[in-house]
Amino acid sequence: MRGPGRAWATLTGQAMFAYVLRRFAGAVPTLFIIVTIAFFMIRLAPGGPFDLERPLDPLIMKNLERAYNFDKPLWQQYLIYLGNLAQGDLGPSFTRRDFSVVDLFRTGLPVSIQLGGIALSIALVVGVFLGALAALRQNTWVDYMVVGTATFGITIPTFVIAPVFSLFFGVMMGWLPAGGWGTWQHMVLPIATLALPQIAIIARLTRGATIEALRSNHVRTARAYGLPSYVVVGVHALRAAILPVVSYLGPTAAALLTGSVVVETIFGIPGIGRYFVQGALGRDYTLVMGTVVVIACFVIVFNLIVDVLYAWLDPRVRYD
Amino acid sequence: MSNTTLEQASGPREPLVAGRSLGQDAWLRLRRNRAAVASAVVLLLLALAGIVGPWIHAHPYDRIYPQYVRAPASLEAYPKEDAIVPAFESALGRARVDIGEIELSGSTVRAPVSDDEALDPRIVRYIDRSDLFSNARLEDEEGNEMMEGATSAFMVADVQRLRFVFGTDANGRDLLTRILIGIRISLAIGVLASMMALLLGVTYGAIAGYLGGRVDNLMMRVVDVLYSLPFIFFVILLVVFFGRNFVLIFIAIGCTEWLDMARIVRGQTLTIKRQEYVQAAEALGVSDAGIVRRHIIPNALGPVVVFVTLLVPKAILLESLLSFLGLGVQEPLTSLGLLIAEGAANMRGAAWLLIYPAVTLTAILFALNFLGDGLRDALDPKDR
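Line by line, the protein sequences give chains A and B.
For the first sequence, numbering that gives the first Met the number 0 assigns the number 0 to the initial residue and increments by one for each residue that follows.
For the second sequence, numbering that gives the first Met the number 0 assigns the number 0 to the initial residue and increments by one for each residue that follows.
Some hints here could point you the wrong way.
[Unchecked claim] Output of the computed footprint for chain A on chain B, the stretches with three or more beta carbons under 8 Å from beta carbons of chain A:
1. 188 to 199
2. 233 to 241
3. 362 to 370
Simulated from the structure, these hints should not be mistaken for laboratory data.
Keep in mind it's a predicted model, so treat the numbers as computed, not measured.
Yeah, the Cβ is synthetic: ideal placement off N, Cα and C, and Gly gets one too.
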């Protein structure tokens with residue numbers, strides 16, 4: 000009994016390792032396509048990073064263009080960019096002189112990851128708890144409360160919640176700073192803003208899936224065995240019910256950890272969420288490209304994590 | 000005996016249960032859903048307000064009242080009583096004449112003015128220029144028009160009563176009109192972008208699903224690649240690089256939202272094309288395009304309709320987000336997202352600028368979501 004079981008485990012371990020490797024290999028062409036499309040879209044757009052109200056002296060312009068390789072044909076610039084990218088160099092920022100794009104991410108990314116990570120953890124715990132609670136008390140006032148609040152949380156957009164929170168708790172009540180960055184008080188409102196819609200969505204997903212899981216055969220079997228109800232719910236029902244949450248979390252985690260433009264703008268947070276819009280407006284080619292690359296990497300990695308988790312939670316899923 | 004049965008069968012007998020078509024059935028169920036009906040009513044009213052409101056309302060959406068910058072929301076008419084006399088005094092002060100005591104009676108202000116030289120009748124313009132007064136005139140003591148060359152007269156002006164129910168914004172424009180325009184723009188973009196996504200997604204999905212095989216594989220691969228791109232960024236890129244205008248915004252939003260639609264329609268098509276009526280059409284020699292148009296698309300439409308109703312709020316949200324980031328419609332035109340962004344910038348001391356647009360947008364989104372849920376319950380045969 001034990002022997003074959005172990006053999007099976009190592010086999011899946013190997014299979015999983017091979018699967019992860021294969022996925023990473025598959026991610027390279029995806030990333031390549033994304034980088035290529037983004038590069039040419041940005042470069043074909045009108046305007047440039049050195050367009051000012053007053054045109055620059057032609058000689059200075061020429062020197063600038065030479066310094067940033069703009070005098071070379073586009074395909075050469077593309078190859079140079081790819082070469083630098085392969086070495087982890089995202090180039091200098093055009094709008095924030097004296098900073099390289101890597102520097103900007105090195106200071107901004109931890110801030111965004113910190114905020115997004117805490118918001119994500121809170122959303123996951125609270126959302127799953129509320130969803131499971133609503134499912135267990137289906138059609139009681141607890142259920143209606145959770146579903147009603149969730150509808151509210153899903154409908155109201157972040158760019159409404161954020162200023163309203165800032166106005167109410169920051170300006171009117173004065174309980175928390177309305178914006179800024181530094182102490183833990185500064186983190187409360189942004190995290191609440193980020194977490195609320197996610198709590199709502201996760202609660203709704205969990206509720207639906209738990210109701211379905213409670214009716215399924217394996218949960219009925221577990222009940223028939225006389226297992227205590229917390230084991231039935233906590234182990235058998237929730238394990239199945241969490242599947243849709245996990246697949247939802249992939250892109251969501253990537254989006255949360257790479258910062259939200261709205262939240263960072265309203266609360267004045269020095270994260271990376273604003274870089275894309277600012278970079279695109281200022282024709283900061285390298286900053287835009289850097290943001291695209293970083294976000295694409297996050298999406299790819301989190302989709303991979305989700306797929307692996309999925310197979311671990313649902314043994315019927317096979318790596319192939 | 001056989002006669003009687005025949006008579007019974009062919010007799011003028013009302014059927015006990017009238018047959019209901021699928022559409023009628025869905026309509027009945029939708030009407031029974033109170034939240035959905037209420038949402039539909041709210042939406043209709045809001046749409047009506049957005050379409051007709053700006054024409055009826057007293058203030059044009061781009062009219063600036065320089066003296067009513069950030070006037071708080073109030074049901075009473077402006078100017079407030081105690082603000083009239085000082086405003087009249089300061090306006091008249093620019094005329095550089097001697098001013099007597101200003102008296103206010105009802106809705107007219109009156110003040111004696113005199114000067115060493117003859118009074119210039121053009122000084123009424125100083126009063127007319129103010130947002131608070133209109134119809135300024137110089138009169139003599141009896142209320143007749145001032146004689147030319149007189150050195151003393153009475154400056155009389157009507158107080159111009161204006162209502163700003165929702166207050167005014169940081170530029171002195173009436174917020175209510177701007178919200179009405181915002182509703183119009185937001186709803187229009189939501190509907191147009193959804194139509195765009197509908198057209199693209201249904202055509203693409205139906206073709207991919209119907210042709211199948213290698214073409215299907217390739218077309219869906221394209222969709223997968225587009226999915227993995229951070230797409231909101233590409234909307235922003237499009238808008239940033241090709242200018243900010245109304246048409247581009249809804250095309251850009253439509254282009255990002257058609258992917259889901261294509262997948263849904265493809266899935267539907269795959270099941271529909273194995274149905275007998277499609278095989279019958281094939282056997283009759285109907286062309287591929289004809290089958291897609293006459294059989295595939297109409298039968299795949301149920302889930303599509305449901306998806307579209309949920310797409311409209313998504314498109315509105317995306318447009319508002321773009322406007323919020325300053326990439327949406329351009330001033331003096333406005334949308335709800337833009338109004339919320341301005342409100343957020345002015346919320347210290349002018350909270351109404353944030354609250355009213357936020358409540359309006361939330362109401363629209365709620366109504367659309369409830370209506371979408373109701374439609375899904377009504378149209379989805381699975382939940383019967």
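We went through each hint and held it up to the structure:
1. 188 to 199: Contact hint for the segment 188 to 199 of chain B vs chain A: violated, 0 residues under 8 Å.
2. 233 to 241: The restraint on the segment 233 to 241 of chain B holds, since 6 of its residues have a Cβ under 8 Å from chain A and three suffice.
3. 362 to 370: Coverage by chain A holds for the segment 362 to 370 of chain B (3 residues, Cβ < 8 Å).
Checked against the numbered hints given earlier, the structure breaks only hint 1 and satisfies all the rest.
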